[in-house]
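There are 2 protein chains.
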Amino acid sequence: MKNVLVDDVIKRLTRSVHLEETVDGLLSGSGQTKVTGIVVTFIASHEVIDQAIQKGANLIISHEGSFYSHHRDDGKQRQDPVCKEKSRLINDSGMAIYRFHDHPHRYEPDAITNGLVKKLGWEEFVLEKNKTSTIVSIPEATVQEIANRVKEKLSIPFVRITGDASMTCSRIGLLAGYRGGGQTVIPLMGTKEVEVIIAGEGPEWEAPEYVRDAVYQKRNKALMFIGHSESEEPGMSDVAELLSSAFPAIPVHFAASRPLFQWI
Amino acid sequence: MKNVLVDDVIKRLTRSVHLEETVDGLLSGSGQTKVTGIVVTFIASHEVIDQAIQKGANLIISHEGSFYSHHRDDGKQRQDPVCKEKSRLINDSGMAIYRFHDHPHRYEPDAITNGLVKKLGWEEFVLEKNKTSTIVSIPEATVQEIANRVKEKLSIPFVRITGDASMTCSRIGLLAGYRGGGQTVIPLMGTKEVEVIIAGEGPEWEAPEYVRDAVYQKRNKALMFIGHSESEEPGMSDVAELLSSAFPAIPVHFAASRPLFQWI
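Sequence lines, in order, name chains A and B.
Using the working numbering, read the first sequence as starting at 3 and increasing by one per residue.
Using the working numbering, read the second sequence as starting at 3 and increasing by one per residue.
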């Protein structure tokens with residue numbers, strides 16, 4: 003059987019998208035390494051890297067970077083004790099970590115948003131797939147009922163809501179990851195007449211304050227922040243399935259994050 | 003008695019700080035208007051503007067902007083229905099709204115961080131006042147006990163914690179507002195050996211993921227996001243007191259925000 007190299011996996015993941023500038027790339031390891039196993043994850047935490055080693059995997063496909071920054075920041079790794087210890091683990095294990103962020107968002111449709119829509123069981127209700135969002139029109143429900151569904155389908159303990167949980171609605175905008183800011187949310191609510199936004203996260207003084215004012219003006223609006231990783235893991239789980247089909251001889255695992263926060 | 007103009011109040015607030023570039027400024031109204039009353043607030047929401055009108059105030063001092071963006075974005079106000087309705091209220095009422103964000107952060111010490119430290123009753127425990135943070139060393143307590151104190155003193159229903167709530171600690175870094183990002187938190191934890199960060203908010207994949215890794219590496223670290231407005235309101239409430247002393251003839255009110263989120 004032909005060896006599969008790290009570069010072969012990367013080529014498979016990126017073949018449909020051409021990006022001039024991107025944060026994506028091989029953060030550690032070599033493209034010429036023969037792949038023994040793949041772990042797909044939202045973020046290559048220290049724990050996920052340990053798990054990958056234990057599973058005999060030598061390639062991690064991670065949506066976010068390894069060192070707590072959207073852009074690479076290699077200086078930090080030389081100074082900070084947490085970064086140094088993680089760097090040492092990565093280097094000693096020879097783990098290849100491939101950042102796979104911009105490419106899946108540029109799939110047609112956006113693979114990350116699409117994973118979220120699928121996981122919520124709303125594919126049949128899709129009205130519009132836009133560059134940064136998808137709009138669905140679901141059978142009328144209250145915000146509370148929608149929150150219950152989101153929590154159940156995505157296994158989330160809490161969501162944060164601005165607006166009235168008893169409000170009924172059907173037109174929902176879904177925004178994966180950090181797209182819950184004013185620049186993405188306000189046009190959806192104002193121009194596209196979306197009633198409820200479900201987003202990963204965003205600055206508190208932007209979209210939530212907009213919704214607070216909208217509700218005060220007696221408009222039918224609400225917003226739900228469900229968590230960044232929670233909104234993007236379904237899409238990354240789909241990436242694991244894609245790789246499993248593309249490279250059937252290689253063990254592919256999806257590593258779900260534990261909840262990042264406790265609410266107390 | 004001499005009339006107090008909007009410009010007189012602005013001069014009093016800004017006299018100790020010179021900024022070349024700033025988001026601060028008069029967002030609406032005229033500097034030459036005679037002040038009938040002042041409302042100080044974290045954000046001039048539609049409701050706060052209505053309250054100011056009802057109180058007979060014609061000047062609002064607001065930490066954040068009126069239209070859901072850190073930088074001014076006047077185009078939005080012409081298009082979006084929520085912004086248009088709010089704009090109309092501001093224009094029809096003639097309300098002067100002064101954005102007071104960068105100046106108080108440049109007071110010596112930072113008036114916003116200082117308000118938070120005071121409100122938590124930790125002034126006597128201050129070790130270091132830095133440009134973007136204050137470090138305190140409190141009598142040893144668990145993260146849960148600290149969370150309870152924060153919730154009680156600031157009247158917050160929930161805080162988000164990364165780390166172990168039963169961990170004991172004493173060295174705490176306080177970061178008001180949106181300073182809970184990796185660039186501010188990581189040096190505090192790594193170099194300054196802060197054990198617990200209390201911050202308003204920040205991106206989830208930065209500081210919380212750093213703390214998740216630190217905890218996995220068995221380090222004594224935890225992080226608490228308490229909410230943006232919750233972390234900055236005490237400082238703005240101090241601004242109301244300052245104005246009340248400076249202009250004793252003018253009624254000065256502090257308008258606290260209602261909680262922005264429900265946790266469901």
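Hints are supplied without guarantee of correctness; some may be wrong.
All copies of an identical chain are treated as equivalent in the list; a pair is satisfied when it fits inside any one copy or across any two copies.
To be verified - Derived EDC-like pairs (lysine to aspartate or glutamate); straight-line CA-CA distance at most 16 Å: (1) Lys36 x Glu110; (2) Lys194 x Glu110; (3) Lys220 x Asp52; (4) Lys133 x Glu243; (5) Lys133 x Asp9; (6) Lys220 x Glu87; (7) Lys4 x Glu147; (8) Lys121 x Glu22; (9) Lys220 x Glu49; (10) Lys121 x Glu243; (11) Lys57 x Glu125; (12) Lys86 x Glu142.
Treat the hints as calculated values from the structure; they're not laboratory data.
Next on the checklist: Hint by hint, where does the structure go against what was stated? Just the numbers, ascending.
Outcome noted: 1, 2, 4, 5, 7, 8, 11, 12
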